[in-house]
Amino acid sequence: MERLKLNIQKVSGAPSASCVCQVFTHRLILADSQVATLVSVFLVKTENHQDLPKLLSEVFELSIQKIEEGAIAEGVLAILSNSALKVVQFLEQEKVKASFAHTLFYKDAVYIARHGEGVKLLVFEPESSHEIKFQKGSGRVKDKQLFLIATEKFLSIFDTAPLKLLEEIDLEDIIDGLATDISAEEDQSEIAAAFVLGASKDFGEGVEEILPNKSQYDFDEDLSQKERIEARESVQNEADLGPADDKIETKSVLKIFTSKTAFMLAKTLIHLKKLKRGDIKAILSLRRNIALLAVVFLIILAASGAVTIRNKFQSKKSAQFNSYLTLASQKLDEGKAIEELNRSKARENFIEADKQIKLALEVFPKDGPAQKLSSEITSKLKETVQQNQLSFASLGEFSETVNSVNISKNTLNLVTKNAVVKMNLDNKSKDTKNVDENLKLGAFFANDAYAYSDPNLFKIDMATGAKKELFKKIEAQDMEFFIGNIYLLTKEGIAKFVPVENGFVEAGDYLAGAFSTNASSRFAIDGSIWVTKGAEILNFLQAKPQSFQISGLTFPVGELGQIYTSSGIDNLYVIDKANSALLVISKEGVYLKAYQSGEFAKAQDLAVDAEEKKLYLAVGNKVLEADL
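Residue numbers (the working numbering): 0 to 627.
No wet-lab data here; the hints were simulated from the structure. Backbone N, C-alpha and C define an ideal beta-carbon position, used for all residues, glycine too. Be aware that a few hints might be false.
[Stated by the list, open to error] Computed list of lysine-lysine pairs in DSS-like fashion (alpha-carbon distance at most 30 Å, straight line):
1) Lys592 - Lys335
2) Lys439 - Lys601
3) Lys495 - Lys365
4) Lys85 - Lys65
5) Lys427 - Lys621
6) Lys354 - Lys371
7) Lys416 - Lys576
8) Lys315 - Lys354
9) Lys458 - Lys532
10) Lys335 - Lys94
11) Lys471 - Lys601
12) Lys94 - Lys344
13) Lys381 - Lys143
14) Lys357 - Lys592
15) Lys532 - Lys335
16) Lys365 - Lys315
17) Lys381 - Lys408
18) Lys532 - Lys613
19) Lys586 - Lys532
20) Lys335 - Lys143
21) Lys354 - Lys592
22) Lys335 - Lys96
23) Lys9 - Lys311
24) Lys576 - Lys381
25) Lys416 - Lys65
26) Lys408 - Lys576
27) Lys408 - Lys621
28) Lys315 - Lys106
29) Lys143 - Lys427
[Stated by the list, open to error] What follows is a set of in silico ranges between Cβ atoms, one per label pair, in the way DEER data are often shown:
30) Glu126 - Ser585: 49 to 59 Å
31) Gly464 - Leu424: 20 to 30 Å
32) Phe133 - Glu611: 54 to 64 Å
33) Val294 - Gln541: 51 to 61 Å
Build out the structure end to end from the sequences listed, making use of the hints.
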């Protein structure tokens, strides 16, 4: 049976504030598990909507969802028409004026659903061409047919006459020429087109499918459209058998066992005839053959069951793989569509595409198209990554090393080797309380400071300077004070100390032994607990580990150390000392940006203000300040 491969090329002009044209292509899987390709061209106008490209992406996602949810029994044309209707209803709610054309290529046919008159559909063949003017319909696709789905503005600047004269159409050359023509236009916002060239490819013998749906506006059988989206076809290159191979293997196994069974049955019938003649020896042979026959039947059942289970497992893997691949491709296309308008939003789509393609490659690691798509996504991530240089200024200098820094409104809370300090950020005044201890860590609450000098933890009254020992805990690496409780990061995990009448007492079994730390490990608390360990960030909520992975990175992470966040800010700020960088990561795990400075490799601690505009860094005996 002949199937279509589709060569799809698309072009669109720069949007304006009130008008956007966009071309979308997407490979999807219908309810019958068959692959189809959707090509859509949209023209939308409005004076009220703030983000038209985002709206168009949502509209196309809605189209895909409704098509994939459709019941095949209703017919493909009915499914596509229903999808178009939902899009129209959605756009009317958004008070957006729109024209669009959906073309769905499925098996050897094309299905069309249009709305409005702003987007036209033309079909070209050698020596002929015509425009499709009905709103919905379907038909077969012929070899070397060219479909042009385009806006009226595009058709006004593009001469379509040569298309029907070319036996071998080079779409890439056409697109290259169009790019020059479009760039010369002052207003490009209403320019968009998709070229779809169909070409047959023989996949073997088979019965040709008959179109289940024919509109009253059906066009001739030779008016079929074909699309080729070298749509990142997923070809499983796994060493194990694919579904087709399993069927062959099943038939082979059953054929062998069937022949053996027939042979045993024949011998059994011979012995039954001998019994009728009174052959006593046949009784023993009959028993033996019946036993062998039973064994053969059991083997057949077992082999058939095993192959069936394997087929189901392979089919499930393929469906899962295709789902991941489709989502990755979709998110990549969405990111490309808005990359020039909203680089940050585009990067979010690329990051989601990266997640999905990695899941796909976990299913079939050797799949060529998936690997190619992964490379394309990685390239886009690298293009949109933000690398920033910071310029630091000295905020204060001390006689001893500054080991801890924290911020509370307009006050920096500092712990040096021998003192606890409150620095007013408005006038740079300092309230210092000297402590005759080798202080390493600290935290502040109200008018009290809590400082750690291995193995003792002290409470210092910032009004009087009075010092009181609260408890002992050896080899703490970091310290936080949160909602009245003291938390210490140790080699074995996290120790929690809760307040009692005369001090604090350690809460039993709170993340003790739950994980081990590195020498560089630090932590931060915002309701969740965030712990750095090597190139990872561990997350705990209510003493239970949570799934957390950093996505969107295009470079290897070195050794993560100091980390800062709070319940009032959206992101995690983490120092990578090996790369002397500060990474900004959302609390959903999305890598956002990196700052470079030689100071990060030497930092003891960091803090960020509530607006995430200022960074404070403890380096040696200084506190440095930089604008983010």
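Practice task
Against the structure, test the hints numbered earlier, and report the numbers of the ones violated in rising order.
Solution key: Going through the list in order, the structure violates hints 3, 13, 15, 17, 23, 25, 29 and respects the others.
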